[in-house]
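**Student:** Following the hints, put chain S in place on chain Z, whose structure we already have.
Protein chains: 2
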Amino acid sequence: MNKINDRAAMIEAAAAKMGKKTFVDDLKKVGTPRLEYQKTCSKVVTLEEAIRQSGLKDGMTISFHHHFRGGDKVVNMVVAKLAEMGFKNLHIAASSLQDVHKPLIEHIRNGVVNRLSTSGLRGELANEISHGLMDEPVVFRSHGDRASAIKRGDLHIDVAFLGASSCDPLGNAAGYSRSENPKSICGSLGYALPDAEYADKVVIITDDLVDYPNTPNSISEHKVDFVVEVESVGDSSKIASGAIRDTKNPRDILLAQQAAKVIINSGYFKDGFSIQTGSGGASLAAVKFIRESMIEKGIKANYALGGITAHMVKMHEEGLIKRLIDVQSFDKVAAESVKNNEFHKEVSASEYAAADEQGSATHYLDIVILSALEVDVDFNVNVLVGSDGIIRGAIGGHPDTAADSALSIIVCPLLRGRIPCVVDKVTTLITPGATVDVVVTEYGIAVNPRRPEVAERLRAAGLKIVDLNDLKERAEKIIGQPAELPFGEKVVGVVMYRDNTVLDVIRNIQG
Amino acid sequence: MNKINDRAAMIEAAAAKMGKKTFVDDLKKVGTPRLEYQKTCSKVVTLEEAIRQSGLKDGMTISFHHHFRGGDKVVNMVVAKLAEMGFKNLHIAASSLQDVHKPLIEHIRNGVVNRLSTSGLRGELANEISHGLMDEPVVFRSHGDRASAIKRGDLHIDVAFLGASSCDPLGNAAGYSRSENPKSICGSLGYALPDAEYADKVVIITDDLVDYPNTPNSISEHKVDFVVEVESVGDSSKIASGAIRDTKNPRDILLAQQAAKVIINSGYFKDGFSIQTGSGGASLAAVKFIRESMIEKGIKANYALGGITAHMVKMHEEGLIKRLIDVQSFDKVAAESVKNNEFHKEVSASEYAAADEQGSATHYLDIVILSALEVDVDFNVNVLVGSDGIIRGAIGGHPDTAADSALSIIVCPLLRGRIPCVVDKVTTLITPGATVDVVVTEYGIAVNPRRPEVAERLRAAGLKIVDLNDLKERAEKIIGQPAELPFGEKVVGVVMYRDNTVLDVIRNIQG
Chain Z
1 MNKINDRAAM IEAAAAKMGK KTFVDDLKKV GTPRLEYQKT CSKVVTLEEA
51 IRQSGLKDGM TISFHHHFRG GDKVVNMVVA KLAEMGFKNL HIAASSLQDV
101 HKPLIEHIRN GVVNRLSTSG LRGELANEIS HGLMDEPVVF RSHGDRASAI
151 KRGDLHIDVA FLGASSCDPL GNAAGYSRSE NPKSICGSLG YALPDAEYAD
201 KVVIITDDLV DYPNTPNSIS EHKVDFVVEV ESVGDSSKIA SGAIRDTKNP
251 RDILLAQQAA KVIINSGYFK DGFSIQTGSG GASLAAVKFI RESMIEKGIK
301 ANYALGGITA HMVKMHEEGL IKRLIDVQSF DKVAAESVKN NEFHKEVSAS
351 EYAAADEQGS ATHYLDIVIL SALEVDVDFN VNVLVGSDGI IRGAIGGHPD
401 TAADSALSII VCPLLRGRIP CVVDKVTTLI TPGATVDVVV TEYGIAVNPR
451 RPEVAERLRA AGLKIVDLND LKERAEKIIG QPAELPFGEK VVGVVMYRDN
501 TVLDVIRNIQ G
Chain S
1 MNKINDRAAM IEAAAAKMGK KTFVDDLKKV GTPRLEYQKT CSKVVTLEEA
51 IRQSGLKDGM TISFHHHFRG GDKVVNMVVA KLAEMGFKNL HIAASSLQDV
101 HKPLIEHIRN GVVNRLSTSG LRGELANEIS HGLMDEPVVF RSHGDRASAI
151 KRGDLHIDVA FLGASSCDPL GNAAGYSRSE NPKSICGSLG YALPDAEYAD
201 KVVIITDDLV DYPNTPNSIS EHKVDFVVEV ESVGDSSKIA SGAIRDTKNP
251 RDILLAQQAA KVIINSGYFK DGFSIQTGSG GASLAAVKFI RESMIEKGIK
301 ANYALGGITA HMVKMHEEGL IKRLIDVQSF DKVAAESVKN NEFHKEVSAS
351 EYAAADEQGS ATHYLDIVIL SALEVDVDFN VNVLVGSDGI IRGAIGGHPD
401 TAADSALSII VCPLLRGRIP CVVDKVTTLI TPGATVDVVV TEYGIAVNPR
451 RPEVAERLRA AGLKIVDLND LKERAEKIIG QPAELPFGEK VVGVVMYRDN
501 TVLDVIRNIQ G
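Residue numbers (this note's numbering), protein chains in the order written: chain Z, 1 to 511; chain S, 1 to 511.
Just so you know, these hints were derived from the structure itself, not from any lab. The model shown is predicted, which means the values in this text are computed figures rather than measured ones. Watch out, some of these pointers could steer you wrong.
[Unchecked claim] EDC-like, lysine to aspartate or glutamate: derived pairs with alpha carbons at most 16 Å apart:
1) S:LYS261 <-> S:GLU292
2) Z:LYS270 <-> S:GLU12
3) Z:LYS425 <-> Z:GLU476
4) S:LYS314 <-> S:GLU292
5) S:LYS490 <-> Z:ASP6
6) S:LYS425 <-> Z:ASP6
7) Z:LYS314 <-> Z:GLU292
8) S:LYS81 <-> S:GLU48
9) Z:LYS183 <-> Z:ASP135
10) Z:LYS183 <-> Z:GLU229
11) S:LYS20 <-> Z:ASP154
12) Z:LYS223 <-> Z:ASP200
13) S:LYS223 <-> Z:ASP356
14) S:LYS28 <-> Z:ASP499
15) S:LYS270 <-> Z:GLU36
16) S:LYS322 <-> Z:ASP211
17) Z:LYS28 <-> S:ASP499
18) Z:LYS151 <-> S:ASP200
19) Z:LYS300 <-> S:ASP211
20) S:LYS490 <-> S:GLU128
21) Z:LYS490 <-> S:GLU12
22) S:LYS21 <-> Z:ASP200
23) Z:LYS81 <-> Z:ASP99
24) Z:LYS464 <-> Z:GLU442
25) S:LYS151 <-> Z:ASP246
26) Z:LYS81 <-> Z:ASP135
27) Z:LYS314 <-> Z:ASP246
28) S:LYS28 <-> Z:ASP378
29) Z:LYS223 <-> S:GLU197
30) Z:LYS88 <-> Z:ASP6
31) Z:LYS88 <-> Z:ASP135
32) S:LYS300 <-> Z:GLU292
33) S:LYS21 <-> Z:ASP154
34) Z:LYS490 <-> S:GLU292
Excised from the complex, chain Z in its bound form:
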């Protein structure tokens, strides 16, 4: 008896010293088998319950990813529910917003949403915002900068609402599905991963609730608070739409061929090189045109980064590209491949392009091919605001990859219809000229004076090197000096650079 008391006393003393309590034996073994447990103890709730239980309050920040691009159904669904529940003054921090998010206009008008952070805006929503819809300017960040801002706490997310193509009742989620007939797949969930890691509460929204364990997966239950089952999270057929559609435009194909020649002769086309192609028909197509040269010269790429497309998947399967590093699957072939191929690796936006991340993939990138709405004579690039002053694009990883790659190539026609693309000064500065090496147009190739060795190599290969000033003048000769834009005095957008500084502002457009 004394012995037992001694032991109990020693346990008490040890616990007190550690500031802990002692164990109380009130355990009751349940003995419920897994399949029954799954029904009674899961994270599955309705959207309304998830919102209530998340502790979301007026004025807080909610986040979304854009992996379904034009097919996304999550943003509209969640914000409609929030409106119905009477929320006000919410801040939407999306990785990007598309045409499909037009219903946000009404939610902004009604005060449900009063701030936006995004990589891009398109369609009617962009148009309304350009005309001064919001009191607060939209904050535009690159994909890498968004990840950094989230990690740093600069962009604090209260509740993340993340669409997933499959999820089990505990929250193991993916952008693909092992079900026989998955409803919606989007592949990599790369842009959603910083949200899953750092948001205070994480809600997975899925249209394919599968049995535990949903492995492999990309978001762990460890990070998930609620799971909501809905009819549909997105339309997969619309992933490869808009800016990432496969091009049939002859001018885009010409530009892609020229870009391929630049790559091949740049000095960076060596065994073990790495490459990314940004959105835009010409840049996506360029990789097709280096394939033959790779086979001929026995050159293999170490990795392709992106923005992974069916072309890249094919070249990987042929052994021409060793690894695919995928922050966003640009089509359904890529979305399937990220599920099936172990060397097709899904990465988060921070692993992809964060400037303050020593190991982000962009830091190791040799070649990137990017598109542009405008390039100016100082090699500055605009991919966000049209020459009419209206927002119609997205920053994406443009400034991240341009700055970090060994060679950044911009493909850009001289004119789009009556709109000049090579201009005196970009309407909005997105990618500083110091980070742009080569501009490929259908009238010749301009090389940044900072990179004379690249110009020399291209010249030696017989490529036509031109001056951006001459291109600009050529454009002006054809269509005349562009009229000044009727900007107002209201700041409707702030463009952040990837070092967390303010790079530019976007003013409201009048009329």
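**Tutor:** For chain S alone, coordinates are given in the frame of chain Z:
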């Protein structure tokens, strides 16, 4: 001119409002190709540099994983370097410690190390500690509880030193390797993942430094501060040693067969069931004996958890087990499988067994088979301290899986030589009796009175159901009443339960 000033002023104003600076265009494009960049800009440093740059100070907490088990070389290497550098009063928070860590005795004597947290201790180090080597008691936690304590901040890790079988210069690390001749592989790095996630600084130590990108991987560069290349991190041939050796002992095989009969007749042997086998020959072997019955009855397991062995890999490849969830690969076959098989999923210790993690895999576990050093008449189990009072084991996931599973089965011989295994009161309490359902001995099967329905099913199947009190008396009849242990008054170990309370203390042993 005025226009430009306006724009600059608006940028200034927008930045000021946001509390940000404005962009300064001092960017200088480097243009270094990836392969050269890899040489000049990586996280690779010497061990000494990693330690210095980590900011480690006397009195801080360092951590290690035990995936190489008896073959581990990292702990001794790092602590020897820390001793050489003059560090004092360090706290080692290892996921477990083995015989091979005997050199820690000297480091404890010399004041380099003054606190230990671990799941287990074995060999000479355990013996010395049991005899009072340390001033501070060792804190023992289960694998699930360690993960919870790390996440909660209760076990704050200043610097984690994590051995990896492959790593690129940026820190993408794995317990396997794609190199032609990998030096050391250990498979899952599950116990290292909470450390990688929550430690202030993370040092990867590898003997296979590969080109970026080392994909797929289990630890992301995103979490890694330094990479250290060494000659060898571990001896893979010693992974399947000690407590997880494949048994040839006839009594273990008998126990395994009996455990298989319990499983088959328990009511939990249904299509879609899940199973884990803990360390110890008999429990590991049990899965072999349910295989035939699974084939015969057309039953497939939904997942096997653990502690994955070659047997489980084989049954997975045969289609009998749908998913493998692997926190620790118990042999080289499993270590290779986690690399090659997409349905063999590596999980962190929190995803495995954290009590406060709604979605940890143990919560969904139907059946677990565990071993024991001692079981007492109240179904309490001891797996840590020998009947001689000397520490000689590890908590592992024992209390986690016993508590969370629908059916926990302990396999335990009545006697080991002259040592009784069924006793009146366990020397040290590790797994409370309320969480133990069945005890299988070679003299019959005891069922916890809390689970009469299980006893009924086993009886109906013709299995011999016995009372633990009768077994205890039977043991006493053979070898007599065990002598009282010569415990002293010093607390050498504190056993935590998975709810963060103090469960028991271990006293020093005299003589």
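**Student:** Which numbered hints turn out to be false for this structure?
**Tutor:** Hints 2, 9, 22, 23, 25, 26, 30, 32 and 34 not satisfied by this model.
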